[in-house]
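**Student:** As given, the protein sequences belong to chains X and U, one line each in that order.
Taking the numbering used here, the leading residue of the first sequence gets 0, the next gets one more, and so forth.
Taking the numbering used here, the leading residue of the second sequence gets 0, the next gets one more, and so forth.
Derived by calculation from the structure, the hints in this document are not laboratory data.
Treat the hints with care, since some could be wrong.
The list cannot tell twin chains apart, which means a pair is met if one copy fits it or any two copies do.
Said to hold, decoys possible - Heads up, simulated DSS-like pairs for lysine-lysine below, C-alpha to C-alpha not over 30 Å straight-line:
(1) LYS210 / LYS144
(2) LYS145 / LYS51
(3) LYS51 / LYS159
(4) LYS266 / LYS145
Protein chains: 2
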Amino acid sequence: MSRALSNPPGAARAQPSSTEVARLAGVSQSTVSRVFSAGAAVSPAVRDRVMKAAEALNYRPNALPAILQTGRSGIIAVVVGGFYNPFFTEFLRCVTAALRERRLEIMLVDTASDDNLNDIVGELSRYRIDGVISAMAIHSTRVAKKLESAGIPIVAVNSKRVGGMRTVSTDNRAAGGAAADVLVDAGCRDIAYFAGRDSQAQAERERGFLKRLSDRGMPEPQRALAGFTYEEGYAAAVECFSGRSRPDGIFCVNDLVAIGVMDALRKEFGLDVPGDVQIVGFDDIPMAGWRGYELTTFHQDMDALARGCVDLLADAPADTRTTVPCRLVVRETTRNRAR
Amino acid sequence: MSRALSNPPGAARAQPSSTEVARLAGVSQSTVSRVFSAGAAVSPAVRDRVMKAAEALNYRPNALPAILQTGRSGIIAVVVGGFYNPFFTEFLRCVTAALRERRLEIMLVDTASDDNLNDIVGELSRYRIDGVISAMAIHSTRVAKKLESAGIPIVAVNSKRVGGMRTVSTDNRAAGGAAADVLVDAGCRDIAYFAGRDSQAQAERERGFLKRLSDRGMPEPQRALAGFTYEEGYAAAVECFSGRSRPDGIFCVNDLVAIGVMDALRKEFGLDVPGDVQIVGFDDIPMAGWRGYELTTFHQDMDALARGCVDLLADAPADTRTTVPCRLVVRETTRNRAR
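Construct the entire structure; sequences and hints are all you get.
**Tutor:** Here it is as structure tokens:
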């Protein structure tokens, strides 16, 4: 793979060894190794002496011999399913911080679907990665099995259990139920659900929503297929509100869709939110709090999701499943009666 | 660093060798190596036979011996300065795709400032990374020098030249001049600049903006310090418009600030954009195109920036500087006279 960079600067430069650093610092070679290993105890004075010697000699510690010996690299592959949704980037921010705390490095994988994951993870395993954290739901049993058989643990967010995969999920079903309560309590009588495409998180949100509506004696809601993007939300709202039956309350699969719906209602139909239509989103991305939207939504606890992933990777038996609660954030797109 | 994961599943599993795969596939060991190296020529039939044998034996190719031999890993460190700005995440998307095309892997570094970069890159160099691409501007000569002396090439986006660092930049000065033209042509007479903090890109935009205003006989614009976030833009607008002299045209250092300004003008002062105040942003993040904003802005060609970085890393002499043009996108926040 090194052919891709044809002009390696400094490739021929001789590397000073840890023994030379030890000699200059007046310590043993094993002390130098300890200074450059995570978590090893070294006194600040000794560490300082070694660092100065290393700097003077331009010593570059080498992780590779230890990786070859132990088969463990300190590298975790983090998979995201695109960068269009601030949900993914916020997760990436949190998981990056959580891995850094443990001095683990991140290899980043961006893939449109879990179909490609098989090849990509196969390639990454050449580096002896210690695990995979996937912000993208994984449906493919083949991918999960391949990782498993290679001894690489995997944790996926908001995913079905496939093989021995560990999962960390927002309590999507409970949130769906709570969304139904918010709309019914606020007086909505003609409710719609704007759905995402094939995803475990979306299915759970919908299930919880339908169940609670039914429990509360409401008729089955209209369903529109909106996908996960602003543009899809906008288009779905245009189609829905061009029809005969206009809902007065909408639960959207995520905030991007909800914001697209709001813009469509205002710009295309001159409707007021929440005066004419009340809207509830999901994720609490930063834009949901912008003054132009002030969207009522559910805050996914990204920090807890990210930490959950890192913890499960480190310590949990295969097949462990963790659920993280999420929090209703009431803003201006619902009429907030005393509850 | 492997201590951080305390319970490595499958760590004790014996690994089948490439020789065993070769025997099962009926080919030589060097053919197996070629199948698992990027860019090597192998017939589809042979590749297929080797892949099936590898799958049957659960063989995991190992990149490490070759890295030890060549000192080159096929890994590029990609540095971002936070995930709050869709500019960074869009860059990350493009650079990830460009590196994947060359079969290079991405180690992700998120850091608030280039001060921390020294330690982080020191750690990454243990893996013999082949280069660093930084979406964050690098000011520290110390960081640039350290990488240089380690033989690790670095490319930074919208950054000053420091040491032998290569840079790829949007033509920020030309864009600043064009922003001045847009506002003056649209009839603005009391113009303001909402600035970001200490950054090369921001300084260049401001320089081009001031120069063109002066060339066109306009007085020096008001200057407000806004930072780079939505919240900072909102707050800066509240402060500016609470004062005596209200501008009728504003050029903002980026889109997040511009959107914050728009929301503040509408919500806090009941002002119309572009009726009362015209606004120009920078970056063309997805939200700039949302119907609630329709922001006139400059589109940074992220794909060209990302490809420029990957190309310079591969082939350019140290100190190379590339400039990428950007494109004015006229939407609804400026009054568009015939030009």
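**Student:** Against this structure, judge whether each hint is valid.
**Tutor:** Quick rundown of the hints versus the structure:
1. LYS210 / LYS144: For LYS210 and LYS144, the Cα distance exceeds 30 Å both inside one copy (34 Å) and across copies (62 Å).
2. LYS145 / LYS51: Answer is between: at 13 Å across copies they meet the 30 Å cutoff, but 45 Å inside does not.
3. LYS51 / LYS159: between (51 Å within a copy, 28 Å between copies)
4. LYS266 / LYS145: Neither: 49 Å inside a copy, 54 Å across copies.
In summary, the structure is inconsistent with hints 1, 4 from the numbered list given earlier, while agreeing with the others.
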